[in-house]
Structure formats: structure tokens, C-alpha cells
Amino acid sequence: MRTVLREPGFTLIELMIVVAVIGILAAIAYPNYQEYVRKSRRAECAAVLVGVANAMERRFSSSNSYAGAWPAAEPQQCPRDGGAPYYNVGFAGGEPTATTFLIRAAPAGAQVGDKCGTLTLDNTGLKGMVGAAGGVTVRDCW
1 MRTVLREPGF
11 TLIELMIVVA
21 VIGILAAIAY
31 PNYQEYVRKS
41 RRAECAAVLV
51 GVANAMERRF
61 SSSNSYAGAW
71 PAAEPQQCPR
81 DGGAPYYNVG
91 FAGGEPTATT
101 FLIRAAPAGA
111 QVGDKCGTLT
121 LDNTGLKGMV
131 GAAGGVTVRD
141 CW
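The sequence shown begins at 1 in the numbering used here and counts up one residue at a time.
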């Protein structure tokens, strides 16, 4: 009778099963991670929009008009501290009038594929979106 000695280690089949499991987990986890990053960037930029709206309200309370240039202390991109922008912030539809303004945050860079599209905020506090994917509500994005 002949005895076969087995070498310690993993077989090729065992290694391929591990690679397949890791691939499946990565295929599920990476899109979820990307959506989480987009959502956190959107929330940061929504805070910037609210900050700009507050600055515009301060202008209105002191001069009784929204008309004028962009508030000096407020950023025109998200993130606030510079770097590669993922939202460009500005007035929508031109400069504000004496009684109204509409500010928007248009996605840029890695945020372009965001389901919420361009975020908007007006002088009445009305939050909105332009170019959002079907079935997405303002509540989902703000």
C-alpha cells in the first residue's frame, strides 16, 4: 500500500472561492460607500446654501434689498476650505432683485452623478432641486 503525503496550504479551489466572496462583498459595499460620500457632501453644501441665505437676509435687514454682489464671507464652492469643488454655489437666474433671490449649488467633479442634481434655496426658505432623478423628493435630498 502506498501512502500519499499532503503538503500543508490551500488548494486553488479554496483560493478562488475566497476571491469570489471578496469580489461579491466589494461589489455590494463600494456603491453604498459612494452614495454615503455623495450624501455627506450634499449635506455639507446644503449648510453652505443656508449660510448664504442667512447672509442675504442680514443684507436685507440692513439695506432693505437683496440686490448686490455675492456676500463676501460666503464661499462659492463646496467644500468651504477650497480644494477640488464638488458643488459650485451661486445665484440662479442672474443677480438677486431687491425683493427676491435664488441660490443654487450645481454638482461638479465627483458629485456630478448625484441623484439630487442641483440644489436650490430661495428668499422664502423654499428648498428645491433641478435635474433630479425620477422618484427623488426634496426631502430625500435636503
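The set of hints was computed from the structure by calculation and includes no laboratory data. Keep in mind that a hint or two might mislead.
[To be verified] Using 25 Å as the maximum straight-line C-alpha spacing, the simulated DSS-like pairs for lysine-lysine come out as follows: (1) 39 <-> 115; (2) 115 <-> 127; (3) 39 <-> 127.
Quick rundown of the hints versus the structure:
1. A distance of roughly 10 Å separates the Cα atoms of residue 39 and residue 115; the hinted pair therefore holds under the 25 Å criterion.
2. Restraint check for residue 115 and residue 127: satisfied, since their Cα atoms lie roughly 16 Å apart, inside the 25 Å limit.
3. Of the pairs offered as hints, the one joining residue 39 and residue 127 holds, with about 16 Å between alpha carbons and a cut-off of 25 Å not exceeded.
Of the numbered hints given earlier, the model fails none.
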